[in-house]
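A.B. asks: In the order they appear, the protein sequences are chains D and A.
Our numbering applies: residue 1 is where the first sequence begins, and numbers increase by one.
Our numbering applies: residue 1 is where the second sequence begins, and numbers increase by one.
In case anyone wonders, no lab produced these hints; they're calculated from the structure.
In this text the structure is predicted, and so the values were computed from the model without any measurement.
Some hints here could point you the wrong way.
Taking lysine-lysine pairs in the DSS-like style, the calculated list, with each CA pair at most 27 Å apart, reads [what the hints assert, rightly or not]:
#, chain 1, residue 1, chain 2, residue 2
1, A, K13, D, K13
2, A, K28, D, K13
3, A, K83, D, K45
4, A, K44, D, K24
5, D, K15, A, K69
6, A, K31, D, K45
7, D, K24, A, K109
8, A, K28, A, K44
9, D, K43, A, K28
10, A, K13, A, K28
11, A, K69, D, K43
Spelled out, the chains give:
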Amino acid sequence: MPMPATEIERMIKAKFPDATIQLKDLAGDNDHWAAHVVSAAFKGKSRVQQHQMVYDALGGRMGDVLHALQLTTAAATD
Amino acid sequence: MAQDTASDPVHQKIADTIAANDVVLFMKGTKQFPQCGFSATAAKILEHLGVQFKDVNVLDDQGVRDGIKAFSNWPTIPQLYIKGEFVGGCDIMREMYAAGELHDLICQKGIPHAHHHA
Numbered sequence: 001m002p003m004p005a006t007e008i009e010r011m012i013k014a015k016f017p018d019a020t021i022q023l024k025d026l027a028g029d030n031d032h033w034a035a036h037v038v039s040a041a042f043k044g045k046s047r048v049q050q051h052q053m054v055y056d057a058l059g060g061r062m063g064d065v066l067h068a069l070q071l072t073t074a075a076a077t078d
Numbered sequence: 001m002a003q004d005t006a007s008d009p010v011h012q013k014i015a016d017t018i019a020a021n022d023v024v025l026f027m028k029g030t031k032q033f034p035q036c037g038f039s040a041t042a043a044k045i046l047e048h049l050g051v052q053f054k055d056v057n058v059l060d061d062q063g064v065r066d067g068i069k070a071f072s073n074w075p076t077i078p079q080l081y082i083k084g085e086f087v088g089g090c091d092i093m094r095e096m097y098a099a100g101e102l103h104d105l106i107c108q109k110g111i112p113h114a115h116h117h118a
């Protein structure tokens with residue numbers, strides 16, 4: 001059950017309006033994504049917390065309909 | 001993490017496992033026969049570091065498979081625990097390993113491991 005990039009991006013943006021999101025379709029199947037998310041909201045958070053925030057933004061889809069999302073996160077620097 | 005381990009046998013079982021073992025990897029399959037690419041990567045990283053670890057095959061136990069996600073507030077498998085602390089899943093392990101941070105962490109925690117001089 002693929003989840004399109006636009007939908008992933010929309011959900012993350014809804015939670016973190018300032019986020020810069022780079023999505024890469026790893027397998028060309030609209031189902032295996034790599035995402036790099038940069039947001040000021042991640043400042044002072046551990047990696048685990050940053051990823052939990054993104055999973056939370058995806059509202060339980062991660063590990064379910066969105067089965068492969070390779071995630072990296074970073075705090076915005078300014 | 002888990003709020004009421006006492007009232008939930010699955011949470012208690014998970015808590016006992018991570019208390020009894022310094023390094024625990026909850027994975028699909030075993031370290032010898034991983035049954036998912038992400039779990040295979042996670043196991044390989046620990047093997048590269050020369051760390052002894054307890055592998056828990058979540059495919060053997062549906063309760064643990066679901067329970068560990070709630071326990072860690074983490075939606076996917078694999079999951080790594082070091083000294084009772086949730087370290088992360090495959091992506092975080094990969095990132096930390098590449099940055100040398102996973103090696104630093106196991107040193108800090110006093111986990112025996114092979115020393116690599118690359």
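A.B. asks: Please go over all the hints and tell whether each is borne out by the structure.
C.D. replies: Hint check:
1. Restraint check: the Cα-Cα separation between A/K13 and D/K13 comes to about 38 Å, which exceeds 27 Å; the hinted pair is violated.
2. Between A/K28 and D/K13, the direct Cα distance comes to roughly 32 Å. Violation of the 27 Å bound is thereby established for this hinted pair.
3. Simply put, A/K83 and D/K45 have alpha-carbon atoms about 21 Å apart, close enough for the 27 Å limit, and the pair holds.
4. Restraint check for A/K44 and D/K24: satisfied, since their Cα atoms lie roughly 24 Å apart, inside the 27 Å limit.
5. For the proposed pair D/K15 and A/K69, the alpha carbon gap of about 22 Å is at most 27 Å, so the pair holds.
6. Proximity of A/K31 to D/K45 is assessed by CA-CA distance (about 31 Å); at most 27 Å being required, the pair is judged violated.
7. A distance of roughly 35 Å separates the Cα atoms of D/K24 and A/K109; the hinted pair therefore is violated under the 27 Å criterion.
8. Between the alpha carbons of A/K28 and A/K44 the distance comes to roughly 13 Å, so the proposed pair stays at or under 27 Å and holds.
9. Restraint check for D/K43 and A/K28: the C-alpha separation of about 33 Å exceeds 27 Å, so the hint is violated.
10. As the CA atoms of A/K13 and A/K28 are separated by approximately 18 Å, the hinted pair is consistent with the 27 Å bound.
11. Distance restraint check for A/K69 and D/K43: the Cα-Cα separation of roughly 25 Å lies within the 27 Å cut-off, and the hinted pair is therefore satisfied.
Violated hints for the displayed structure, listed by number in ascending order: 1, 2, 6, 7 and 9.
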